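With the hints as your guide, set chain B onto chain A.
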Amino acid sequence: MKPLLSFLKKEYLEVARTGKLIILMLLFVLFGMMNPAIAKLTPWMMEMLSDAMAESGLLVTNIQVDAMTSWTQFFKNIPMALIAYVLIFSDIFTKEYKSGTLLLVLTKGLPRYKIVLAKTVLLLSAWTFGYGLCFAITYGYNAYFWDNDIAQNLFFSIAIWWLFGVWVICLIIMFSSLLQNNTEVILCAGGTVLLSYLWGVIPKAKAYSPAVLMDAGSLLIGAEGTGAYIKAVVVATALCIVCVAVSIPVINKKQL
Amino acid sequence: MDVLTIQNLKKKFGSKEVLCGLDLSVPEHSIFGFIGKNGAGKTTTMKAILGFLRSDSGEIHVMGEKVHFGQTGTNRYIGYLPDVPEFYSYMTPTEYLTLCGEVCGMNKADIAARSKELLDLVGLGQECRRIKGFSRGMKQRLGIAQALLNRPKLLICDEPTSALDPAGRKEILDILLAARQQTTVLFSTHILSDVERICTEAAFLHNGKIAMQGTIAQLRNKRASDGFIIETEKKGAADTLIKAFGDLKRTEQTVLVFHGGEDRFFSIMQYVAENRMSIQRMERIEPTLESLFLEVTT
Chain A
28 MKPLLSFLKK
38 EYLEVARTGK
48 LIILMLLFVL
58 FGMMNPAIAK
68 LTPWMMEMLS
78 DAMAESGLLV
88 TNIQVDAMTS
98 WTQFFKNIPM
108 ALIAYVLIFS
118 DIFTKEYKSG
128 TLLLVLTKGL
138 PRYKIVLAKT
148 VLLLSAWTFG
158 YGLCFAITYG
168 YNAYFWDNDI
178 AQNLFFSIAI
188 WWLFGVWVIC
198 LIIMFSSLLQ
208 NNTEVILCAG
218 GTVLLSYLWG
228 VIPKAKAYSP
238 AVLMDAGSLL
248 IGAEGTGAYI
258 KAVVVATALC
268 IVCVAVSIPV
278 INKKQL
Chain B
9 MDVLTIQNLK
19 KKFGSKEVLC
29 GLDLSVPEHS
39 IFGFIGKNGA
49 GKTTTMKAIL
59 GFLRSDSGEI
69 HVMGEKVHFG
79 QTGTNRYIGY
89 LPDVPEFYSY
99 MTPTEYLTLC
109 GEVCGMNKAD
119 IAARSKELLD
129 LVGLGQECRR
139 IKGFSRGMKQ
149 RLGIAQALLN
159 RPKLLICDEP
169 TSALDPAGRK
179 EILDILLAAR
189 QQTTVLFSTH
199 ILSDVERICT
209 EAAFLHNGKI
219 AMQGTIAQLR
229 NKRASDGFII
239 ETEKKGAADT
249 LIKAFGDLKR
259 TEQTVLVFHG
269 GEDRFFSIMQ
279 YVAENRMSIQ
289 RMERIEPTLE
299 SLFLEVTT
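Chains as they are written, first to last, in the working numbering: chain A, 28 to 283; chain B, 9 to 306.
Note that these hints are calculated values from the structure, not bench results.
Since we're looking at a predicted model, the values are computed, not measured.
Treat the hints loosely; a few may be bogus.
Said to hold, decoys possible - Distance windows between CB atoms, simulated: (1) B/118 <-> A/28: 11 to 21 Å; (2) A/268 <-> B/136: 35 to 45 Å; (3) B/118 <-> A/182: 45 to 55 Å.
Cβ atoms here follow ideal geometry from the backbone N, Cα and C, with glycine treated the same way.
Next comes chain A alone, as it looks inside the complex (with noise of 0.2 Å):
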């Protein structure tokens, strides 16, 4: 447990020195308070293009503004938060096989699957962590500025968005214990979220796929039930541990 440990205070103190830490949160601070501020300038811009528009004889008429509309905008972007995430820290081991600091911690007698654990720990916490912060900005900025209530299944429709980025959190893991180049890792994890969606396209399959969790505009106007997202949440789940699980004996095996 103490290397594991050690290890892990590593990862932290890597983050927090090289400043991947000060960027993670600013990247979501960044993104929790443009959601809201969106929903607030929407009527305003609007108002600032409607003369333009009428001469294209579109009529601006009262745009009503209110929590939804901030809650729309938040899951529109935190995909790009997302994929920020992932460019940060894509190269959390091929770093390390390129710099070959690796092989001196391995020689002192760590558990090759210790190394893919800690990072594992590290990279879902930061997860948590920033889209936890990027959550509660958002929501503070809407109980403050509207209501939140008018937004039906909020909490699960944020839980399963979690889950998705838990999801291509654990695809970087496993590309990463197989390639030794971030580039590489990036473009599959890419490809795999790409099929998943391809995977939504065929209409009897498309519940299980792990692309439905980032669909959570209809569970927030009620036209879906939470039952409808159980399936997928199964498949994700199952799959986020097989991409771990994966990753341990190919770690095991890798030529360093």
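What follows is chain B alone, placed relative to chain A:
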């Protein structure tokens, strides 16, 4: 007792056979020089000892325990210094040694005491900066400190002096010499003066096999003499000698070299005396590791 034994180790990269049946044994408390040309397979052998490389066949034992690829159980006996050691650059030397100590299960007080002792030994005791700003020599010294941290039975150094200036090289060699009290040192190199300075034993790696192994004295004795040099005063005398003794080789206008036994030497001396030839010098070529190395590897 042998700390390390390697039997019939083979490794291919694609179609290139880097190691083809390497046998090696390293006795306890020796400083073992592992000599070979660039690309001879020294690093490959070391990585196989550490379990970082899958060998095609053969067995490696460290302290009598078999090394398995990917599993680092035997590494608890080993301290390793790679040719270019890479550290987590955002840490200070003490933080790095603490991480290493915790990973190998040392207790807190021992880590603190041992880190201080080793950092003083390698001359980094006063260094509080992060590793980011370290020179290559400083990193090499920190590498030795981390390698010795858990009191390994075997210290493996991969070309520890190759990239250093003469002062840095001397420091590293002195540290390795001091480390001999506590451990066995296996170090690869192609700098033969380093081997002559500190090693008790050495092995030459050539064509994927050990071409020669033994103590430094044994290696030198493999060839009692490398031959003789005869330098004549005039070119004409050298010409006469070459005509009389076909096995003489000319290296310069007036310099002749021959490889052969004492009898031959005496008959040349006799010929010189009888013909009253004027000779500048006649001397025995002392066998050096360099000449051995060249003989083995060419």
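Hint check results:
1. At about 18 Å, the beta-carbon gap between residue 118 of chain B and residue 28 of chain A stays in the expected band of 11 to 21 Å.
2. The given range of 35 to 45 Å is respected by residue 268 of chain A and residue 136 of chain B, whose C-beta atoms sit roughly 44 Å from each other.
3. The given range of 45 to 55 Å is respected by residue 118 of chain B and residue 182 of chain A, whose C-beta atoms sit roughly 49 Å from each other.
In this structure, every one of the numbered hints holds.
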